[in-house]
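Spelled out, the chains give:
2 protein chains.
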Amino acid sequence: MENKPLILITNDDGINAPGLRKLISIVKHLGDIIVIASEHSMSGMAHAVTIQNPLRVKCITNEPNYREYLTTGTPVDNVKLGKHKLAGRLPDLVLSGINHGSNAAINIIYSGTMGAVLEATIDGVPAIGFSLDDFSQSADFNEVDNYVLSITKKVLADGLPDGVCLNVNFPKRSDDHYKGIKVCRQADARWVEEFEERQDPHGRTYYWLAGRFENGDGRPDTDQKALDNNYVTVVPSHTDFTSHDNVNKLDFNLK
Amino acid sequence: MENKPLILITNDDGINAPGLRKLISIVKHLGDIIVIASEHSMSGMAHAVTIQNPLRVKCITNEPNYREYLTTGTPVDNVKLGKHKLAGRLPDLVLSGINHGSNAAINIIYSGTMGAVLEATIDGVPAIGFSLDDFSQSADFNEVDNYVLSITKKVLADGLPDGVCLNVNFPKRSDDHYKGIKVCRQADARWVEEFEERQDPHGRTYYWLAGRFENGDGRPDTDQKALDNNYVTVVPSHTDFTSHDNVNKLDFNLK
Chain A
2 MENKPLILIT
12 NDDGINAPGL
22 RKLISIVKHL
32 GDIIVIASEH
42 SMSGMAHAVT
52 IQNPLRVKCI
62 TNEPNYREYL
72 TTGTPVDNVK
82 LGKHKLAGRL
92 PDLVLSGINH
102 GSNAAINIIY
112 SGTMGAVLEA
122 TIDGVPAIGF
132 SLDDFSQSAD
142 FNEVDNYVLS
152 ITKKVLADGL
162 PDGVCLNVNF
172 PKRSDDHYKG
182 IKVCRQADAR
192 WVEEFEERQD
202 PHGRTYYWLA
212 GRFENGDGRP
222 DTDQKALDNN
232 YVTVVPSHTD
242 FTSHDNVNKL
252 DFNLK
Chain B
2 MENKPLILIT
12 NDDGINAPGL
22 RKLISIVKHL
32 GDIIVIASEH
42 SMSGMAHAVT
52 IQNPLRVKCI
62 TNEPNYREYL
72 TTGTPVDNVK
82 LGKHKLAGRL
92 PDLVLSGINH
102 GSNAAINIIY
112 SGTMGAVLEA
122 TIDGVPAIGF
132 SLDDFSQSAD
142 FNEVDNYVLS
152 ITKKVLADGL
162 PDGVCLNVNF
172 PKRSDDHYKG
182 IKVCRQADAR
192 WVEEFEERQD
202 PHGRTYYWLA
212 GRFENGDGRP
222 DTDQKALDNN
232 YVTVVPSHTD
242 FTSHDNVNKL
252 DFNLK
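So the sequences go chain by chain: A and B.
Per my numbering, residue 2 is the first one in the first sequence, and the count goes up by one each step.
Per my numbering, residue 2 is the first one in the second sequence, and the count goes up by one each step.
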């Protein structure tokens with residue numbers, strides 16, 4: 002019992018998302034599992050934390066070596082709640098996903114899935130975010146099993162470098178098998194967006210965000226390029242936003 | 002007219018925050034100003050975007066060269082709304098703040114103020130986040146003027162390196178003058194947190210997040226250290242989460 006690793010699992014698509022259920026089914030035998038997820042979708046919540054309102058928590062499954070909690074929090078809140086309240090100690094591993102939708106390239110910055118993963122990293126806990134490049138609720142997760150399992154087992158066995166977590170993305174399922182795993186850099190790709198302007202029944206204007214993804218990054222070793230070529234991508238990621246190359250170049254002294 | 006730069010200003014403390022009013026008063030003469038801010042505090046909203054709900058916008062001030070909009074969105078939504086709808090073009094500069102509370106060290110990852118700044122960077126717009134190390138609504142901004150003005154004018158004149166924005170933090174006001182500006186790295190400091198557990202009148206448990214900030218980073222050139230020593234800190238920051246040192250070190254091939 003004592004030697005079983007404690008694995009905290011969360012996501013940003015909510016507790017009933019098929020991607021979360023898939024992830025649980027793949028790794029459930031690897032340790033003591035604590036699932037902490039939100040009632041509603043927290044997609045696009047990034048690294049948001051709930052500081053203006055209190056949080057509610059409900060235990061919905063309590064079995065030996067397996068518990069599930071439903072919360073009103075964000076993915077980052079869920080990692081914090083796990084550590085401080087529900088697990089009673091730092092987990093040995095945090096897993097997040099499997100997200101319905103890619104978190105490659107700039108998507109990491111908007112992602113609640115990766116928010117949870119980065120939050121674990123701040124506390125020195127190895128963490129992996131898994132995402133599939135398919136937004137559909139009926140996304141086909143049928144080829145991810147071996148990849149999720151092997152990456153998770155390797156991280157459980159070997160850990161990760163200090164301050165580093167993994168952003169893992171799976172191509173949308175096609176007729177071809179995935180070609181393998183590539184360790185990559187985050188592509189410098191972005192969303193080209195528009196707001197749809199509509200009128201409500203009272204004649205007042207409101208806006209919906211919409212957009213399409215555009216990759217202008219020609220480097221050979223980016224996640225977006227590998228994902229487009231049917232590889233499973235792994236980007237070692239961290240929480241240091243510093244552009245270190247520019248620290249000694251910039252000068253802002255007055256006069 | 003045509004030569005005046007277009008400056009978009011936002012924050013995460015809401016449209017009525019004294020820090021926002023202070024920032025506007027300092028830079029108002031530098032260009033055409035468009036202020037887009039949220040009705041309520043969006044503190045801790047990080048890089049969250051509103052994708053589940055439509056956004057509402059209200060123009061509350063419309064003067065020559067100066068407009069103010071109130072929105073239901075996050076700071077990142079406000080930058081997107083400005084670009085796509087309210088300004089009609091990419092601004093020449095995005096300013097965010099002045100935040101009531103430090104965004105040095107790991108605070109950048111939770112910060113709505115810096116979320117807005119990073120969002121501008123994704124579109125190639127120079128952007129600066131200003132924050133004061135004092136959470137109080139009556140925080141003393143009396144020493145920031147020259148620093149805000151000189152940094153803003155320099156960025157308007159010279160731009161910033163591609164993909165780089167600035168995270169500027171001011172020490173809490175004391176009897177001593179600020180010692181000057183230091184260009185720094187993001188300190189590896191973090192929050193040591195707890196959840197306060199309470200009971201509502203119906204006997205149900207809820208949790209409040211609370212915590213204290215702890216800096217264990219001994220490096221000489223971090224923002225937290227300089228801030229603690231009464232320097233104004235500038236961290237050149239970017240949206241690339243890749244831990245580049247680890248791209249060629251990690252190997253996840255099956256078997």
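A hint or two may mislead.
Heads up, the list lumps identical chains together, so a pair's fine if it works in one copy or across two of them.
Stated by the list, open to error - Straight-line Cα separation of at most 27 Å, DSSO-like style, residue types lysine-lysine; simulated pairs: (1) Lys183 - Lys5; (2) Lys59 - Lys183; (3) Lys154 - Lys250; (4) Lys155 - Lys250; (5) Lys250 - Lys59; (6) Lys29 - Lys59; (7) Lys86 - Lys173; (8) Lys250 - Lys183; (9) Lys250 - Lys180; (10) Lys183 - Lys29; (11) Lys173 - Lys154; (12) Lys59 - Lys155; (13) Lys180 - Lys86; (14) Lys154 - Lys59.
Treat the hints as calculated values from the structure; they're not laboratory data.
How the hints compare with the structure:
1. Lys183 - Lys5: neither (30 Å within a copy, 47 Å between copies)
2. Lys59 - Lys183: neither (39 Å within a copy, 47 Å between copies)
3. Lys154 - Lys250: between (42 Å within a copy, 18 Å between copies)
4. Lys155 - Lys250: between (39 Å within a copy, 14 Å between copies)
5. Lys250 - Lys59: Neither way: Lys250 and Lys59 sit 51 Å apart in one copy and 41 Å across, limit 27 Å.
6. Lys29 - Lys59: within (21 Å within a copy, 49 Å between copies)
7. Lys86 - Lys173: Classified as neither: same-chain Cα gap 36 Å, cross-chain 33 Å, threshold 27 Å.
8. Lys250 - Lys183: Between copies, since 12 Å is at most 27 Å while 33 Å is not.
9. Lys250 - Lys180: Intra 41 Å, inter 20 Å, cutoff 27 Å: inter-copy only.
10. Lys183 - Lys29: Intra 25 Å, inter 49 Å, cutoff 27 Å: intra-copy only.
11. Lys173 - Lys154: within (23 Å within a copy, 47 Å between copies)
12. Lys59 - Lys155: Neither way: Lys59 and Lys155 sit 32 Å apart in one copy and 52 Å across, limit 27 Å.
13. Lys180 - Lys86: Neither: 41 Å inside a copy, 42 Å across copies.
14. Lys154 - Lys59: Classified as neither: same-chain Cα gap 30 Å, cross-chain 52 Å, threshold 27 Å.
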